[in-house]
Amino acid sequence: MCATKNVESDIRFSKADRDEFIMIATTGTSRSPVWDRCPPERSTKQRAMPPNTRITVTPSPNVRRPQSSPPIVESPMMPSPTDLPLVLHPRVISGQGGGPEKTILNSPRFLEPLGYQAACLYLRDPHDDGFEIIRQRAGQTHAPLIEIDDFGLRDWKIVGRCKAAVEETLKRFSADDDFIWHGHDYKSNLIGLLLRKSFPKMQLVSTVHGWGQRTWKTPIYFAIDRWCLKRYQQVICVSQDLYQDCQKLGLPETRLSLIDNAIALGDYQVDYSQADAKQQLGLNEDAFLIAGVGRLSDEKGFDLLIQAIAELSQSGKNVALRIAGDGAFRDALQQQIDQLNLGNRIELLGFVADPRLLYQACDTFVLSSFREGLPNVLLEAMAMKRPVVSTRVAGIPKLVVDGDNGILIHSGDHKQIKDAVQIMLEDPETRQRIAASGYETVSSKFSFQVRMDKIAAIYKKLSTTPFDCP
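In the UniProt record's numbering, the protein residues as written are 1 to 470.
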């Protein structure tokens with residue numbers, strides 16, 4: 001357990017940390033190669049914090065809040081009080097979230113049989129309409145969802161609101177103050193450390209999901225996370241390259257775990273045919289459909305996928321492409337589609353809350369990313385028995401064996417995407433064999449239950465392993 005100290009000394013930076021922050025502020029770069037991967041691009045104006053703030057939990061129309069309670073409304077998924085230890089999953093989010101949500105929101109229902117109750121603490125802009133999707137997904141997975149207003153970098157009161165939310169959550173769950181704070185990003189990791197003075201028995205775990213998006217703030221976020229992770233009791237990495245990155249930061253193997261992403265296989269069984277799915281998407285059954293799913297950002301390589309489909313179409317192939325996702329590059333990608341005059345073959349679907357229809361409809365799923373951890377979308381496509389083509393990055397070769405359960409290509413090369421898709425298009429037997437092998441891989445090696453068993457074992461180890469903050 002981390003030794004309890006005055007909070008000012010507990011969050012004080014070392015001289016090396018201060019020097020690195022000065023370097024970041026003046027040059028936009030870091031000494032550490034791990035944190036230099038995403039250079040700044042452009043500045044944006046900061047939002048001023050509204051005068052009135054609040055902490056909310058997803059409201060229930062059937063539950064009334066006692067008059068003496070703080071401004072927190074009960075969630076319809078709030079469980080009855082138990083004696084189980086509590087795990088809080090804090091996460092900072094904008095819009096509909098991403099891959100980590102599939103892990104975070106599924107965790108409570110899998111942890112309860114393993115002896116833990118859990119709740120998801122989401123820090124979000126109260127004016128973000130996209131967060132409604134998270135509320136719906138929390139309801140579908142029966143995950144207790146606690147919403148905390150967050151107004152960005154200049155929101156100095158966020159720690160106080162988190163403290164109030166934690167206090168109220170402990171009451172609602174009848175939990176002791178030796179709960180587990182399981183962070184999922186730099187800000188939730190930092191807030192966890194700042195809350196240690198108020199909750200000295202709190203135990204600290206973090207999952208490193210990856211560092212993908214590039215903005216001008218990214219080097220600052222990385223430097224903060226680097227400092228935080230060194231002070232966490234256990235750090236979970238979702239791919240081998242992230243594990244190695246954390247080793248380079250100086251984290252010892254005794255505090256590092258490699259646990260691959262996984263999925264709840266039962267959630268990806270559907271009762272409609274591929275022909276029905278294509279019809280719902282407005283496609284002819286004979287069109288060879290390629291699917292892509294992910295945030296529309298530069299590291300996803302969707303522009304290369306579009307170029308590959310354009311060349312296949314120009315060669316006379318009856319191909320179509322549907323991409324589910326939203327993001328900053330949407331306008332640029334749409335402009336590319338328009339310039340290629342392929343609006344009748346390629347469509348950007350925007351954010352799709354439930355991509356199973358697209359998976360079921362597609363003939364091949366393509367992941368064209370430059371950077372990934374171990375992407376959930378690949379697991380999902382394989383779980384739905386769809387053949388996959390993927391770039392050979394990060395933890396993907398651990399999942400996809402070239403020529404066996406998928407086709408691996410090098411990132412940044414649209415010609416390789418085109419050639420791989422053409423193989424799938426022209427060889428139905430290869431397509432069927434790869435799809436069957438992919439399903440077997442996911443069902444036997446990437447079970448969500450197995451993943452949660454490993455995480456529960458880490459939680460159990462926390463109470464028996466002494467730990468002092470560096």
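Among the hints, erroneous ones may be present.
Distance condition first, Cα-Cα at most 30 Å in a straight line; then the derived DSS-like pairs of lysine-lysine [to be verified]: (1) K398 <-> K445; (2) K398 <-> K171; (3) K230 <-> K201; (4) K385 <-> K248; (5) K398 <-> K460; (6) K454 <-> K248; (7) K398 <-> K415; (8) K163 <-> K197; (9) K460 <-> K201; (10) K248 <-> K415; (11) K157 <-> K248; (12) K460 <-> K445; (13) K385 <-> K201; (14) K398 <-> K248; (15) K461 <-> K415; (16) K415 <-> K171; (17) K461 <-> K398; (18) K454 <-> K201; (19) K385 <-> K398; (20) K230 <-> K248; (21) K201 <-> K171; (22) K398 <-> K454; (23) K230 <-> K460; (24) K415 <-> K460; (25) K201 <-> K163; (26) K454 <-> K415; (27) K385 <-> K171; (28) K197 <-> K171; (29) K197 <-> K460; (30) K461 <-> K230; (31) K415 <-> K317; (32) K163 <-> K460; (33) K454 <-> K230; (34) K163 <-> K230; (35) K454 <-> K163; (36) K445 <-> K248; (37) K248 <-> K201.
So the derived label-pair ranges between C-beta atoms look like this [what the hints assert, rightly or not]: (38) D404 <-> K157: 30 to 40 Å; (39) K248 <-> K454: 37 to 47 Å; (40) K201 <-> G403: 45 to 55 Å.
I should point out that these hints are in silico values taken from the structure, not numbers from a laboratory.
Where is the CB? At the ideal position from N, CA and C, for every residue including glycine.
(message) Checking each numbered hint in turn, tell me which of them this model violates, lowest number first.
(response) Hint check: 2, 4, 10, 11, 13, 15, 16, 24, 26, 27, 38 and 39 fail, others pass.
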